[in-house]
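Participant: Those protein sequence lines, which keep their order, are chains A and B.
This note's numbering numbers the first residue of the first sequence as 1 and each following residue consecutively.
This note's numbering numbers the first residue of the second sequence as 1 and each following residue consecutively.
Honestly, the hints are just simulated from the structure, not real lab data.
The model shown is predicted, which means the values in this text are computed figures rather than measured ones.
Any given hint could be a false lead.
A partial selection of chain A residues facing chain B, derived with a Cβ cut-off under 10 Å [as the list claims (entries may be wrong)]:
| # | residue |
| --- | --- |
| 1 | Cys-175 |
| 2 | Ile-179 |
| 3 | Ile-184 |
| 4 | Asp-200 |
| 5 | Phe-204 |
| 6 | Asp-206 |
| 7 | Ala-269 |
Straight-line alpha carbon distances no greater than 16 Å define the calculated EDC-like cross-link-like pairs of lysine to aspartate or glutamate that follow [as the list claims (entries may be wrong)]:
| # | chain 1 | residue 1 | chain 2 | residue 2 |
| --- | --- | --- | --- | --- |
| 8 | B | Lys-140 | A | Asp-82 |
| 9 | A | Lys-146 | B | Asp-82 |
| 10 | A | Lys-64 | A | Glu-108 |
| 11 | A | Lys-140 | A | Asp-165 |
| 12 | B | Lys-146 | A | Asp-82 |
| 13 | B | Lys-54 | B | Asp-136 |
| 14 | A | Lys-140 | B | Asp-82 |
| 15 | A | Lys-54 | A | Glu-113 |
| 16 | B | Lys-146 | B | Asp-136 |
Idealized CB from N, CA, C, for every residue including glycine.
There are 2 protein chains.
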Amino acid sequence: MSNYILGIDIGGTTAKLGLFSEEHFPEIIVKRSVKTRPDDGGKYILPDIAEGIKQLFEDEGIDKSQIDGIGVGVPGPVIIGDRPGQTLVNKCVNLGWGVKDVASELSELTGIEKVVVENDANAAALGEIICGSVRDMAEKIGTYRKVTEVLVTIGTGIGGGIVRDGQIIRGVFGCAGEIGHIKIAPQHPLLAKLRAAGADINTFDDYEYFASATGIIRFAREGAKFFESSLRDCENMGAREVFEAAREGDALALEVRDFFYDTFGMGLAAVASTLDPDVFTIGGGVSGEGPLLLGGIRESYRRYAFHASTETEFRLAALGNDAGMIGAAVPFYM
Amino acid sequence: MSNYILGIDIGGTTAKLGLFSEEHFPEIIVKRSVKTRPDDGGKYILPDIAEGIKQLFEDEGIDKSQIDGIGVGVPGPVIIGDRPGQTLVNKCVNLGWGVKDVASELSELTGIEKVVVENDANAAALGEIICGSVRDMAEKIGTYRKVTEVLVTIGTGIGGGIVRDGQIIRGVFGCAGEIGHIKIAPQHPLLAKLRAAGADINTFDDYEYFASATGIIRFAREGAKFFESSLRDCENMGAREVFEAAREGDALALEVRDFFYDTFGMGLAAVASTLDPDVFTIGGGVSGEGPLLLGGIRESYRRYAFHASTETEFRLAALGNDAGMIGAAVPFYM
Numbered sequence: 001m002s003n004y005i006l007g008i009d010i011g012g013t014t015a016k017l018g019l020f021s022e023e024h025f026p027e028i029i030v031k032r033s034v035k036t037r038p039d040d041g042g043k044y045i046l047p048d049i050a051e052g053i054k055q056l057f058e059d060e061g062i063d064k065s066q067i068d069g070i071g072v073g074v075p076g077p078v079i080i081g082d083r084p085g086q087t088l089v090n091k092c093v094n095l096g097w098g099v100k101d102v103a104s105e106l107s108e109l110t111g112i113e114k115v116v117v118e119n120d121a122n123a124a125a126l127g128e129i130i131c132g133s134v135r136d137m138a139e140k141i142g143t144y145r146k147v148t149e150v151l152v153t154i155g156t157g158i159g160g161g162i163v164r165d166g167q168i169i170r171g172v173f174g175c176a177g178e179i180g181h182i183k184i185a186p187q188h189p190l191l192a193k194l195r196a197a198g199a200d201i202n203t204f205d206d207y208e209y210f211a212s213a214t215g216i217i218r219f220a221r222e223g224a225k226f227f228e229s230s231l232r233d234c235e236n237m238g239a240r241e242v243f244e245a246a247r248e249g250d251a252l253a254l255e256v257r258d259f260f261y262d263t264f265g266m267g268l269a270a271v272a273s274t275l276d277p278d279v280f281t282i283g284g285g286v287s288g289e290g291p292l293l294l295g296g297i298r299e300s301y302r303r304y305a306f307h308a309s310t311e312t313e314f315r316l317a318a319l320g321n322d323a324g325m326i327g328a329a330v331p332f333y334m
Numbered sequence: 001m002s003n004y005i006l007g008i009d010i011g012g013t014t015a016k017l018g019l020f021s022e023e024h025f026p027e028i029i030v031k032r033s034v035k036t037r038p039d040d041g042g043k044y045i046l047p048d049i050a051e052g053i054k055q056l057f058e059d060e061g062i063d064k065s066q067i068d069g070i071g072v073g074v075p076g077p078v079i080i081g082d083r084p085g086q087t088l089v090n091k092c093v094n095l096g097w098g099v100k101d102v103a104s105e106l107s108e109l110t111g112i113e114k115v116v117v118e119n120d121a122n123a124a125a126l127g128e129i130i131c132g133s134v135r136d137m138a139e140k141i142g143t144y145r146k147v148t149e150v151l152v153t154i155g156t157g158i159g160g161g162i163v164r165d166g167q168i169i170r171g172v173f174g175c176a177g178e179i180g181h182i183k184i185a186p187q188h189p190l191l192a193k194l195r196a197a198g199a200d201i202n203t204f205d206d207y208e209y210f211a212s213a214t215g216i217i218r219f220a221r222e223g224a225k226f227f228e229s230s231l232r233d234c235e236n237m238g239a240r241e242v243f244e245a246a247r248e249g250d251a252l253a254l255e256v257r258d259f260f261y262d263t264f265g266m267g268l269a270a271v272a273s274t275l276d277p278d279v280f281t282i283g284g285g286v287s288g289e290g291p292l293l294l295g296g297i298r299e300s301y302r303r304y305a306f307h308a309s310t311e312t313e314f315r316l317a318a319l320g321n322d323a324g325m326i327g328a329a330v331p332f333y334m
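When you get a sec, could you build the whole thing from the sequences and use the hints?
Facilitator: Laid out in structure tokens, this is it:
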């Protein structure tokens, strides 16, 4: 009888459950989705997930004794508790959680002893280095100078995860890699142009206010109010539609894309002046734009980075939507 | 016969040599100063230092066989070389050096086998955690959650050194902790006021352009051109004179001090959103202003930091002007 690992990625709307076997990791044998209900302080979330796990075991004919462990990724800071090995979730605003011992609770609910909890971006960063796009760097560099990777996800917000020498850097309050909350003042002319036109936008705010998918949409929408653009008639505008319009030559979309590159690269340069990582791995929805996006970001990064660290490597994340589940499960595979 | 360690702190104008004994570390037995000559690609610097070491040995009646090792701090990035254990200086602009194997060269010049080279701020950060102001934290926290310290020196520029779990974080290009080169746009009203008055200042530049001693002097000087201030007649203005004038109630000095606090705290918040350290240790000339300075910085930091990491600890560096020598020598004491 083979052994299995469960990887769970808890998001604001759904929790994704992935079943892995040790032999074929990181291939996912079966996936499930469980709705996350943040009501009443998020107290239904873990019981709902436990029910989903039970169901999955029944359907697949698996006994819990065959599970080596459950890895859980959460969208919030994770801190080290007072007991050796204990981790605690340190507030997940969009799940309704305060400080919560997710590992112990899920262990109790499922009867599976080993549960580890990690911040979702940190988990994804670990996943990319163990079995994703950074794996070859780790293998090439060997043991005496090891890889520091900063994974950055561009989606609704900007998430960040840091892995150094195979270890996640969590930070004293679980906030290491929370780079989306760096305060910045973009220097791109679009900002002044929009303000002059009367747009309701901030000139100084969180990095993710400007350089996330939400930021791209915000600036495209505001721009379309004041300037001629094909985006004006775009009803369900996403970052994808803005990039699409830019490729078709729409002047506003081109400017918004340029604003995004410029501002995103500026933020990464600040991260590099602190940590000087070997590689930035770019993930999240917007990273679907591919190599062209990577080129735009790298060019802007070089403009703002310290002269001795302009040659930092950039890669696209390889694990896609499954990164959270895979990264969460990695500790039981390593 | 007792054993000794040499700690050398190479700066732009002088190299400081400190002799330590293993028993009384970090007490300095004797100090020497050697002028640094950056001429001709800085080729005289190491021979001059070697000559200073020889002299010191003669005067103190020490044989080189009694030296356990030489630790060298340099004002530039240090990278890991291709040979195990090898470090290389990766350009020291103000010493005239390119990529240079300082350890091997100094070893050859002195006949002392063990020479280790480290970035000066990294060395100082290590010194503070081993035998300075952060020592008690390291001891209290114990082994399973260890200390991450960011040492920040406020002087001519802003230097930074990072130690995590007793190990220096160097970065792939030796640029980790080069936080003085983070690009920022201060949000303090003084900036707009000075620009409106016609002052020749940038609104977006390196962190150290604004928030170093040089920055304090720059903004005080520019301000005194346009606004009434006791600083107008100050001939040899240093950061100390500006803080002094602020304590005496000078309106411009108060505003410059407030600008400094605000901008300095903003930069540290960016660092914390990347690394979320246990403690910021504040050193360098300006840190001589003491606890009041620390209070001003902490207040501003809290304004800009991510909500979950506002309670980061702040300490004043304890090792003062000797920090460089002590920190450089630490590897032979640990």
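Participant: Indicate, hint by hint, whether the structure satisfies it.
Facilitator: Here is how each hint holds up against the structure:
At a threshold of 10 Å, the smallest CB-CB gap from Cys-175/A to chain B is about 4 Å, leaving the interface hint in force. With its C-beta approaching chain B no nearer than about 6 Å, Ile-179/A sits inside the 10 Å limit, and its interface hint holds. With a least beta-carbon distance of about 8 Å to chain B, the hint placing Ile-184/A at the interface is held under the 10 Å criterion. The interface hint given for Asp-200/A is violated, since its Cβ lies 19 Å from the closest Cβ of chain B, which is over the 10 Å cut-off.
Here the hint on Phe-204/A is kept, as its CB sits about 5 Å from the closest CB of chain B, short of 10 Å. For Asp-206/A, the interface hint holds, the least distance from its beta-carbon to any beta-carbon of chain B being 9 Å, beneath 10 Å. Taking 10 Å as the C-beta contact cut-off toward chain B, the hint placing Ala-269/A at the interface holds, the least distance being around 7 Å. For the hint linking Lys-140/B to Asp-82/A, the alpha-carbon distance of about 13 Å falls within 16 Å, and the restraint holds.
Among the hinted pairs, Lys-146/A with Asp-82/B is consistent with the structure: their alpha-carbon atoms are about 13 Å apart, no more than 16 Å. Proposed proximity of Lys-64/A and Glu-108/A is supported: the alpha carbons are some 13 Å apart, at most 16 Å. With a C-alpha separation of about 13 Å, the suggested pairing of Lys-140/A with Asp-165/A holds against the 16 Å cut-off. Of the pairs offered as hints, the one joining Lys-146/B and Asp-82/A holds, with about 13 Å between alpha carbons and a cut-off of 16 Å not exceeded.
As the CA atoms of Lys-54/B and Asp-136/B are separated by approximately 37 Å, the hinted pair breaks the 16 Å bound. Straight-line distance between C-alpha atoms of Lys-140/A and Asp-82/B comes to about 13 Å, which keeps the hinted pair within the 16 Å bound. A distance of roughly 15 Å separates the Cα atoms of Lys-54/A and Glu-113/A; the hinted pair therefore holds under the 16 Å criterion. Only pairs whose Cα atoms come within 16 Å are accepted, and Lys-146/B paired with Asp-136/B is accepted, the gap being roughly 12 Å.
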